[in-house]
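Visitor: Respectively, the protein sequence lines represent chains A and W.
Read left to right, the first sequence gives residues 124 to 433 (our numbering).
Read left to right, the second sequence gives residues 1120 to 1415 (our numbering).
Any given hint could turn out to be false.
[As the list claims (entries may be wrong)] Taking lysine-lysine pairs in the DSSO-like style, the calculated list, with each CA pair at most 27 angstroms apart, reads:
hint : chain 1 : residue 1 : chain 2 : residue 2
1    : W       : LYS1157   : W       : LYS1408
2    : W       : LYS1278   : W       : LYS1295
3    : W       : LYS1157   : W       : LYS1336
4    : A       : LYS428    : W       : LYS1278
5    : W       : LYS1336   : W       : LYS1278
6    : A       : LYS428    : W       : LYS1336
Rather than coming from a laboratory, the hints here were simulated on the basis of the structure.
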Amino acid sequence: MLLITPAILVLAQVLIVLLGMFAAEQILTTNLDKVGAWVSSSGNNVSISVTVDQPIEVGNSAAVGKQPLPGATGPVGGQLGGAPDAGSLLTVLLPLVHLLFVWVLILISTIYLLGTLYNDRRDRSILFFKSMPVAEWQELGSKLLVAVLLAPAIYLFASCLSQGMLWLLLGTGDQPMDSGSVVGSVTVAGAEPFSLLQLWSQQGLALLTGLLWVVPFYMWLLLASAAASRSPVLIAILVPIALIVVERVVLGSSYSSALGQLYLPQFSPVSDDSGGVQPSPGLQWLVAGWVAAAVMFAVTAWLRKFRFEL
Amino acid sequence: MGEPMNQEFGTNAVVEARSLQRHFGSVRAVDGVDLTLKPGSITGLVGPNGAGKTTLLRCLLGLERSRGDLLVMQRDPRRQRHRVQEQVCFIADTAVLPRWMRVHQLLDYTASVHPRFDRSRAEAILADTNIAPQTQIRTLSKGMTVQLHLALVLAIDAKLLILDEPTLGLDILFRKRFFDQLLRDYHHDQRTIVISTHHIEEVESILTDVVFMDAGKVILNQPLAALAERYIEIEVTTEQLELARQRAPISERATTAGTVLMFEDGDAEELAALGRLRAPEIADIFLAKLGMGKSQ
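All chains should be modelled from the sequences, with the hints used to inform the complete structure.
Guide: Have a look at this one:
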């Protein structure tokens, strides 16, 4: 039941990726360097996902992720294809595809979490669910697990599938596929399956790390969903903004906004003058985030128990 | 349960409540209710709109916070709602089934979370209706949704079934079938049922007990058999009216044949001398009690 929507979306995405590949080809060939720079800069800041392991040779190489990953080492690009063009194309394209999946994953998870504890109150089906011998913490835990484990597993699988197809299509063709384009000149020479697996494991590890960090954010969405009487989205956005504004006006400081950014999955490239290096926030902040998530979990469970009427 | 409790409290009863309270601001929705439900009873909960029936039932189900002592199936539903829910079933409102599910998914879900759910029984009950397993719940009519919910409930081997206005907004044919099915296929001496309703006359025939509520308080709680003994109506002519009025009737209403007066704990033989005796309907007793409550 819960899987149907993401499954359809994943399938649609695989199709879109494969179809869009041919369109992307034109853009990629015209300005490979630009795309590479974009991937590396945005990849750096999509903290949930691709962070450190962007195997980008071209473009901005100063990227260091929020969380340095052991084993997430240097560029894989050279191993992917023998011909420089094919290698460059794949090293740009595969992370790009993965990035797309991660973005959609974050988007879908956000929508799911904001809606899940609100919609059943709106249509009153919560009264049915409460007639079942399921405790609030069990219900809450299962919904959190969907967003933190199940959906990412599905998306990671779909991402690997798409990447694998692209790799097969672009990396193994003996004949020119489309004369005059870079794709056409891709050859099989030197392509090793192992390097693709390495890329996948790096992506998986990065995703896992990102998910550990995003748990407080996801828990906040669930809290907003359970607390809202009109719009969970507004609660989820306005409360932090109000907090930041009040802090700035009253105390003149901006700790809350800095703290918020720590746990937010970030989409926009952060401009920094320090050469793109973000300090690693450290394990204690991860633990702090989880403690906050535990508190929010308890509050949400209480709201579900006694404050579920709209 | 930290509060000191009577030794007998909750020993055998399915539901045991002592001075149960639930206030919303200054509104006392449930105002010191004492209630004991014995196994095998079918209790009708009657009251005007806003009497606190729904809030009381929700307290019993652990859906509301409340003060006072409360045990349902020997457990406190405010602390252990999900444990209590293994033995208690409820239909809190019509058409609250998750609309995005299909019928077979609903059965899948219930089977996966409820240890006392008998899926084949639910399927057998549904086979008698025109609800197909593949049907999406959102496409079902209100009556069919209630039918589906009832099929689900009938297939759960619960000790206590709580129905809050289960047939609200449904036609009389369906309402009749609903209660027939409940009595025939579900009820036995180890199962307790509580029904709140506006249509007391429709459930009257299946009830063993009746509870009247008004303004958050229980104003009457009697076995149905005792009700017939305590309340007597006499139909009097205009000549006897003044005489009958002196015996402190609790209600008086005009009919085509004359005036009907109701007496609480009256002497049947004495009253019979004044006019024709008759057994009052529950709805009339309720109206009489309500009138008394308001005049005080």
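Visitor: Would you mind marking each hint as holding or not holding in the structure?
Guide: Evaluated hints:
With a C-alpha separation of about 24 angstroms, the suggested pairing of LYS1157/W with LYS1408/W holds against the 27 angstroms cut-off. At most 27 angstroms may separate the alpha-carbon atoms for a hinted pair to count; LYS1278/W and LYS1295/W meet this at roughly 23 angstroms. A distance of roughly 20 angstroms separates the Cα atoms of LYS1157/W and LYS1336/W; the hinted pair therefore holds under the 27 angstroms criterion. Proximity of LYS428/A to LYS1278/W is assessed by CA-CA distance (about 23 angstroms); at most 27 angstroms being required, the pair is judged to hold.
For the proposed pair LYS1336/W and LYS1278/W, the alpha carbon gap of about 26 angstroms is at most 27 angstroms, so the pair holds. For the given pair, LYS428/A sits about 25 angstroms from LYS1336/W by alpha-carbon distance, which is consistent with the 27 angstroms threshold.
Consistency note: the structure conflicts with none of the earlier hints.
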